[in-house]
Amino acid sequence: MIGNLDLSFFNWELVSNFLAKGFYFSIQLTLIAMAGGIVFGTALALCRLSGRPWLALPAATYVNTMRSIPLVMVILWFFLLIPLLIGRSMGAELSAIITFTLFEAAYYSEIMRAGIQSVARGQVYAGYALGLTYGQTMRLIVLPQAFRNMLPVLLTQTIILFQDTSLVYAIGAYDLLKGFEVAGKNFNRPVEAYLLAAVVYFVICFSLSSVVKKLQTRIAIIR
Amino acid sequence: MHLEWGFFLRDIGDGETTYLSWLFSAWGWTLAVAGCAWVLALLLGSVVGTLRTMQVTWVARLANAWVELFRNIPLLVQIFLWYHVIPSLIPPLRDVPSFVLVVFGLGLFTSSRVAEQVRAGIQSLPHGQRHAGMALGLTTAQTYRYVLLPMAFRIVIPPLTSEAMNIIKNSSVAFAVSISELTLFAMQAQEETSRGVEVYLAVTTLYIITAMTINRLMALIEKRVRVPGYVGGDR
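These protein sequences, in sequence, are chains B and W.
Note that the numbering used here numbers the first sequence so that position 80 is 80, with each residue one more than the last.
Note that the numbering used here numbers the second sequence so that position 5 is 5, with each residue one more than the last.
Keep in mind that the hints were calculated from the coordinates and are not lab data.
Warning: the hint list may mix true and false statements.
[What the hints assert, rightly or not] Examples of chain W residues toward chain B, derived with CB under 10 angstroms:
#	residue
1	L20
2	R71
3	V85
4	L148
5	N170
6	Y200
Even for Gly, the Cβ is constructed at its ideal location relative to N, Cα and C.
Only chain W is shown next, with the shape it has when bound in the complex (with noise of 0.2 angstroms):
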């Protein structure tokens, strides 16, 4: 097969955009909805997710139907209900943007997936932990803040990796509500330039360029919180 890469130097037709200029901001694009909608997931995971630690059993309940109601929609019909629904049912709505919608699409279906990961770090720590707390005098609320979530942040992390790359690839939904991200970038310059082989190529690498990078990042974030005595504390 012939590869053929000089069309991402003309312009897209208005004289003064190339396709590469628009290959590096749909980048930005997907950058920038999976860095707010990350940034969200990790609020409202965090929260959610040590709610449904707590020894109040209405509260733990309400945590966990929050994490199966973002879990057991498809995120694309959730990214619809954002981007269809929600404006017409709440109209001062209507004029929020469509990139603030899906980020909330993509954060709240996130923020489910990063609960259940920071339920699972505080429940891995031994229950003396939390004893320790309360025997010291401690509240509840300063019995998370300064004992288990310190430690419990630190054991997700790990876990936090991979939804963060998770993240990254689930943006690419974004295109179905004509979010100028890398995915309708492939689909509208394929159908534009019909060289799709090098069109998918270039999106592809990207992608994956971007995932390696959270990757390293998150590692040497790893690195520098991790806790002397524990499982790879040592190393």
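Isolated chain B (complex conformation) (with noise of 0.2 angstroms):
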């Protein structure tokens, strides 16, 4: 019962010897993850958007593909895939960054596109009767509103980012959720240590979003 439970394991030399290591990974690969699929995410929205189809078509197919595929199975593929094309074996962790930066990439552009698409086509014209080219265009007066426009969603898909870290748990990467478990079975603790893990995730993406909200209404531009 509820009155069973023992949380006097949970000291300072818990954290520094289980929690900080798994706390760091899953940190390091959000934040990855988030700065390479914005980037990558980006390219794609633009190349979906460029009006080209052999520049459209693969984007689009790519996001599409990536969308419709669970994310387990997805890290589970790149890290069968990575060994065979490389020829080696790769780290759970590597592998994890490269999966989860190309997997985001795809939920990113789709957020981009939509912002892409809310800046309005008077923009655009503007640019171009400044005499700029279109990736001038893009870059100075589209795509800084269209971040803007977009920032908390952008923002909120990271938390979503965050919280799913804990699905390289299907590679036995070590992360948060893996300190947590290891923590656990350590201590004889398993039921303490991921009743811990769900508040510590908890606050997190709690305070994470309350601040996204706040500033959602603080940044929108009013028109």
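From the two separate chains plus the hints, produce the assembled complex.
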């Protein structure tokens, strides 16, 4: 029963021995996949909106394929395929970083596509009228506005990404959840360890989404 | 790369089951987990989503707390909570099969997303609809039953379609508590046969087929229940 819960094993030693390493990896994975995913995702979105079929079609196929497969299967696919392609095995952690960057790019690209489409047409015409090239118009006029409009959505996706990093469990990478699991096994307190894991994830995600909510009202462009 | 599919007809070592029949039984488990969880998610999500639009503050707050709770913990952690934590805190649940626990885990997780869509659907209706119901002398329950919900549910079908497709994908997390569904099949068959590419291709194809079927099915429902005069209603 609840009275039997024993949280006494939770001390600073536990944090530094088991959790710090996992937490560090989860954050690292989230940040790299976010940065890489947004850059690659924006490129994909630009390809899809370019109006050139030889760019738009492969980009659309990539995004739709990634979005229709469960993330766990994508993680397994990459863990299987990368060693076959490069000829030697690769650590679960590095494999996870590559997988998440390429997978999240598909989701970020949909957000950026919506963001680019939300910018008024007149802005593009204004850019051309000033004599800017297509590239300059995108870089200096459209993308900054698209990025600002979509910032809350991009951040919300990042919170989802942070939650999804727990799925590296499938290939045995050492993330925050794994840290709790190993600690639970080590102290023979798995129930308490999982409960604490849930609390920690909840606190992180809940506070981040509250921040995003505040940001949403702050940065809205008043038209 | 050379693909070799013959192993699907080999038996898995018990003399009667082939990898092919194991694959299809795994597909069945995926559909069962996702299907049962979807029913639970729709029921709970509709109730919670409706409560969130109530004028009674504490009811709406409680419903909001439900959504925040299930939305801010990773699905895998929630599945572990149901599988490892809840049975040991509540002893009578110790004999509940893991299938049921996973269905609850996935169902409640998804219910928060359904609730969010249902709330948005109800709030997208003009205020006049609620007021019209009250002006006719309907009780709050009647206003929801006869005025608001019939409209709201039709509006939220497209977002619910993508949630239904998500739940198929999310059911893959059940591998972590040894439910013999497609992802666990993929991991185990890959290990046993060393034909990972073929195994993963087969499993991925089944996931895509399932998602596409749901997409078509929901489009059919959407067409049947559309409201004339609304966006998409007159096409």
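Comparing the hints with the structure gives:
no. : hint : in the structure
1   : L20  : violated, 19 angstroms
2   : R71  : holds, 8 angstroms
3   : V85  : holds, 5 angstroms
4   : L148 : violated, 26 angstroms
5   : N170 : holds, 7 angstroms
6   : Y200 : holds, 6 angstroms
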